[in-house]
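Asks: Single-letter residue listing:
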Amino acid sequence: MFNELPELGEFPENWKRMHLLGLEDLTREELLILLDKAQVFRTAFDEGRRKFSFLSGHTSVTLFFENSTRTRTSFSLAAQRLGASCVAFTASTSSLSKGESVVDTAKNLEAMGCESMVVRHSTPGIPHLLAENVNCSIINAGDGAHEHPTQGLLDILTMRQRLGSLEGKTVGVVGDIAHSRVARSNAWGLKKLGAHVIVCGPSTLVSPVWKEMGVEFSHSLDAILPRVDVLNMLRIQFERQYTSPFPSTREYSLLFGMNSERLRRGKSDLLVIAPGPINRGVELTPEVADGPQSAILDQVSNGLAVRMAVLWLTDGARKRIQNA
Amino acid sequence: MFNELPELGEFPENWKRMHLLGLEDLTREELLILLDKAQVFRTAFDEGRRKFSFLSGHTSVTLFFENSTRTRTSFSLAAQRLGASCVAFTASTSSLSKGESVVDTAKNLEAMGCESMVVRHSTPGIPHLLAENVNCSIINAGDGAHEHPTQGLLDILTMRQRLGSLEGKTVGVVGDIAHSRVARSNAWGLKKLGAHVIVCGPSTLVSPVWKEMGVEFSHSLDAILPRVDVLNMLRIQFERQYTSPFPSTREYSLLFGMNSERLRRGKSDLLVIAPGPINRGVELTPEVADGPQSAILDQVSNGLAVRMAVLWLTDGARKRIQNA
Amino acid sequence: MFNELPELGEFPENWKRMHLLGLEDLTREELLILLDKAQVFRTAFDEGRRKFSFLSGHTSVTLFFENSTRTRTSFSLAAQRLGASCVAFTASTSSLSKGESVVDTAKNLEAMGCESMVVRHSTPGIPHLLAENVNCSIINAGDGAHEHPTQGLLDILTMRQRLGSLEGKTVGVVGDIAHSRVARSNAWGLKKLGAHVIVCGPSTLVSPVWKEMGVEFSHSLDAILPRVDVLNMLRIQFERQYTSPFPSTREYSLLFGMNSERLRRGKSDLLVIAPGPINRGVELTPEVADGPQSAILDQVSNGLAVRMAVLWLTDGARKRIQNA
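Protein chains in written order, with our numbering: chain A, 37 to 360; chain B, 37 to 360; chain C, 37 to 360.
A portion of the hints provided could be inaccurate.
Claimed, not checked - Short, incomplete list of chain C residues facing chain B, as computed with Cβ under 8 Å:
(1) Q75
(2) V76
(3) S92
(4) T95
(5) D140
(6) N144
To be verified - Listed next, the in silico DSSO-like pairs over lysine-lysine satisfying Cα-Cα at most 27 Å (straight line):
(7) C:K205 / B:K87
(8) C:K205 / A:K87
(9) C:K205 / A:K355
(10) C:K355 / B:K87
(11) B:K205 / B:K227
(12) C:K143 / A:K143
(13) C:K52 / C:K355
(14) B:K143 / A:K87
(15) C:K303 / C:K52
(16) C:K205 / C:K227
(17) A:K87 / B:K87
(18) B:K355 / A:K87
(19) A:K205 / A:K227
(20) A:K227 / A:K52
(21) C:K227 / B:K87
Hints are computed from structural coordinates only; laboratory data are not their basis.
For every residue, glycine included, the Cβ atom is placed at its ideal position computed from N, Cα and C.
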């Protein structure tokens, strides 16, 4: 019933984190451990070795205060493929005293004996608050516009598979930069690996916080197009915006959408990725999305592999810490 | 933990389908393979052998764009009893470009490594579209008013258990014929097995498509009553109809409902079945529903057995095709 | 993958119930069997032995007609930790003929082969109705204002862990007594173990039914405070009340809330418990909820242990009855 995975090797001595809260905190070495172990899981996945017993007896809870069927399903499958049980806990945010009730909810789940919690919440910092208050592993699955570390990792793993080392490479992150935890996790991770990051979008979708992160700015996709090795085409999150940040979807698509014509003007091996679900015809035309320079579905498989690596590493560190 | 099932025998050489999209496409031989294997699972179920390892390592996703707790639970239990993991993916249909987004959703689930998808959608043909676009087994759990093959199979298996061979038997399918994928799957399957099918309902609930299927028509239950060996009393699907197709529920029940008095006027061994959930007092009176000539709960157990057989057969064919 | 649990011993000869419908029916001996076995599961849980194979092959369904994520998750985890599969079935109550449709739904789930059903419904007596109509084990997870036996058991187990024997002890149950199945299950269980029970709340929240149960009444928390060994601070269930039973939440809290000042006026080892989720600042101040005299999180872990014991005992009795 379970497969073996000798390539995974010994548990890495230098991995000491029982939580994964963001990519900002990680050292370059830790980032490489994560990517290397995720690659092992991905290779095994492609070879049909998909079910392991590393986390048998472990109970993981997905504690989502925002809806996300895809991310939740990916984490749930990752946990189950490691032999863990996975329980979905759908919480409402209607309580007046949100901070308190989130901690109470997490403490309850801890008291039921769960070993890890995968948390999504609209408020930045909630995973950090939980990590301070419970003894389970906390894995951030998106906290407001702050971080979404497993998305950052799967994006970077996908780039590394196609480009090799990211040292000296230039990555453009295009779209709704202001509201994007994905852009932030990409930037933190990519910079640690020596890549140059350009965020690119309409001036209405740019936040001053980026200036402090050492990333380049642009308001013209055409201007950066010849320089980039990768374009990460963020999803326009219509549901997040209260007033329209651009005149029309059509205008956005004309200025910031990726199409065959633009693809021809980029580097010949330009890689195009995008966190799903994509709005076809908005950020990407179908020709680009389904073409050979796109790695959209590879990202999904890498997401599973990254989440397996994260669960395996944080579980191992938690056991060491709690047995010490 | 797992039971053995030697009666299942070798994988049938003549079963080559990795998808189950409808009963229309099946040969008589394929239909008999399905029914025979389902009967093996049903017999084992009755004897308490309910958990197997045939699909261990297999991940099945129920991808339902219409709600159906019962059918979904039945498929989920069937997958789990074969040793598979089963994940529920509830999709919304709000996207403008439905066709595209359904394929994208399915490709995402495929990239997460699922081996089968059980699909329900209000648009006929969606399962066929997915079968052309992914490499998982696609199992149609209802596509609009088109087909619902596992319901057809469980109805037919139930008839076969009570009547023996269906050759020369007459089956009445009564009710909302116009909107019924159940009626269509029944008709395709029953005809292949040599049964005569009569669809019967108010003239407002009859669609011209039936003329081409070689089934008989009637607008009077009382007229067909003496001739039928089985009555399949379809559920009035109040939720599907935009204008009322009959003056009142009471009138419908008087003309097309099955009650003790009508039961006495039918053949002495007339079998009454109905896809749940039934509207007691509308299609069937409680005396009929709970009486010895009803097989309503047997249908539910047969549904589980049929879905186990379908998952086992399509999985075996998929492995052969993909290893060839 | 599975742990051993030799401390559990042989299946108790005197446990003959395949259902758990309420604490009112239980003998003192049966109550003690439940508490003793739950304690075995709790001790094992604390030692990290959390996964067993006692119920492998067993399918449990949580059939909830009222929402309750916490209770449902607790039962689901309990079933899975015993090696069972657990399926959630969310039913609507919109049907006109509720009683009938609940029985039909349960019979359908039984026909799919489930061995136990964990039932929550707003109508008192629904679990009893199902127990008469299906051959699965029925476990009452709350029926209207009638009983919630596993909550009563986990409260009592928590008291017993802190106080030892409950003989001669005095337990105050404070708050919304009129609508509380928790209060009723507490009272039935505590009385059988020799404890004295005082229900305490505003006069608008008191129902005449209590007079017949042999419990003492009070409308003043301050009056009973010096006498009680335990206070069970019920949650004000704002969602259940159609007209406000007290002038303001603030007034309720002043008269019936537990705070540090009141804690000082109680016995020095007064134990405070509360069924979650608590309204911080209403029934309990945070100082009390998080203080050493509170056992709120212990209750949650005990809930899991109690549900494991209930599933194990009812399953064993069911097998004996059905094999007899």
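Asks: Between K205 of chain A and K227 of chain A, is the straight-line Cα distance small enough, at 27 Å or below?
Replies: 10 Å, holds
Asks: Hey, does the V76 of chain C contact hint survive, CB to chain B under 8 Å?
Replies: Hint on V76 of chain C: violated, closest Cβ of chain B at ~23 Å, above 8 Å.
Asks: Taking 8 Å as the limit, does the beta-carbon of Q75 of chain C come near enough to a beta-carbon in chain B?
Replies: Cβ of Q75 of chain C sits 27 Å from chain B, so the hint is violated.
Asks: For K227 of chain A and K52 of chain A, compute the direct alpha-carbon distance and say whether it is at most 27 Å.
Replies: Within the cut-off at roughly 22 Å; holds.
Asks: Hey, K143 of chain C versus K143 of chain A, does the alpha-carbon distance stay inside 27 Å?
Replies: 37 Å, violated
Asks: Hinted pair, alpha-carbon criterion (27 Å max): K52 of chain C, K355 of chain C. Please report holds or violated.
Replies: Holds, because 10 Å separates the two Cα atoms, which is no more than 27 Å.
Asks: Can you confirm whether the C-alpha distance between K87 of chain A and K87 of chain B stays at or below 27 Å?
Replies: With Cα atoms ~19 Å apart, K87 of chain A and K87 of chain B stay inside 27 Å; holds.
Asks: With a cut-off of 8 Å on the beta carbons, see whether N144 of chain C makes it to chain B.
Replies: Holds: closest Cβ of chain B sits about 5 Å from N144 of chain C, inside 8 Å.
Asks: Between K205 of chain C and K87 of chain B, does the CA-CA distance stay at or below 27 Å?
Replies: 48 Å, violated
Asks: Please verify whether K205 of chain C and K355 of chain A have alpha carbons no more than 27 Å apart.
Replies: Cα-Cα ~41 Å, so violated.
Asks: With a cut-off of 27 Å on the C-alpha distance, tell me whether K355 of chain C and K87 of chain B pass.
Replies: 17 Å, holds
Asks: Please check whether T95 of chain C passes as an interface residue: C-beta within 8 Å of a C-beta belonging to chain B.
Replies: 7 Å, holds
When each numbered hint is compared with the structure, violations occur for hints 1, 2, 7, 8, 9, 12, 15, 21.
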